[in-house]
Amino acid sequence: MRVTASVPRSIGRVLDLMEFVMEHQPCTLSRAAEASDLTPTTALRHLRALETRGYLTRSEAGEFSVGPTMLRLAAALRQAGPLDQLVAVSQPLLDQLAEETGESAYLAVCDHRVATYIAMAESRRAIRHVGWVGQTIPLAGTAVGAAIDAPGQVATRTGAVEPDITAFSIGVGTIRSPGIAVSVIGPAHRLAEADSSKIEDALGTVAVTLAMNLGASEGVEAS
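For the sequence shown, this note's numbering assigns the number 2 to the initial residue and increments by one for each residue that follows.
Calculated directly from the structure, the hints in this document are not laboratory data. Some clues are possibly wrong.
Just the calculated beta-carbon pair ranges, DEER-fashion [claimed, not checked]:
| id | residue 1 | residue 2 | range |
| --- | --- | --- | --- |
| 1 | Q92 | K199 | 33 to 41 Å |
| 2 | E163 | E20 | 17 to 25 Å |
| 3 | E201 | G63 | 35 to 43 Å |
Note that the structure is predicted; figures quoted are calculated from it, not measured. Don't be surprised by glycine CBs; every beta carbon is placed ideally from N, CA and C.
Based on the provided sequences and hints, a complete structural model is requested.
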């Protein structure tokens, strides 16, 4: 965890705790305390403050996750800026991707450390992957991170974020909109038997189309 020198130490620790929970939710008190180099008592005091304000929520098992206040703010930011346009342009393609592959399709935006899923199209299957919209995951070791490092190439990882889950991801780059990835995510046992070339081709088509559409909406050529 990091505490920026220009930020008061106590505030920096609260922010670090919140970011860690967002990236590793659901997160236990002991894990959050260890990662932030705090005693469990101090970490719990900070986490309870965030829970009281709705930034985090705690389950009956005592695990912390992103709360309603954070989700509301994320939604407000998305609707107020370019992410709203990105979702609007991407959603029909996500729907198409989910239909073609039979698995859930996701859109993520990335900075230099993490990726945040901002839109999805659910698989129609009874057993399917859902629930990652609004979730932040690390780039290191994940399919999204590998895809962002090599736009246009499909990266595959199993168990990188959740056990028994496989993700196929491809990075989408435009001159003004770097750090975008599209993923197909589903149960590992089913995707192990799936035609991976079909999924990769579908992702490639969506990536090219999305880059072209974003380039047109931005008034630039897709990279």
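Each hint tested on the structure:
no. : hint                   : result
1   : Q92 / K199: 33 to 41 Å : 22 Å, violated
2   : E163 / E20: 17 to 25 Å : 19 Å, holds
3   : E201 / G63: 35 to 43 Å : 40 Å, holds
In terms of the numbered hints stated before, the structure departs from hint 1 and from no other.
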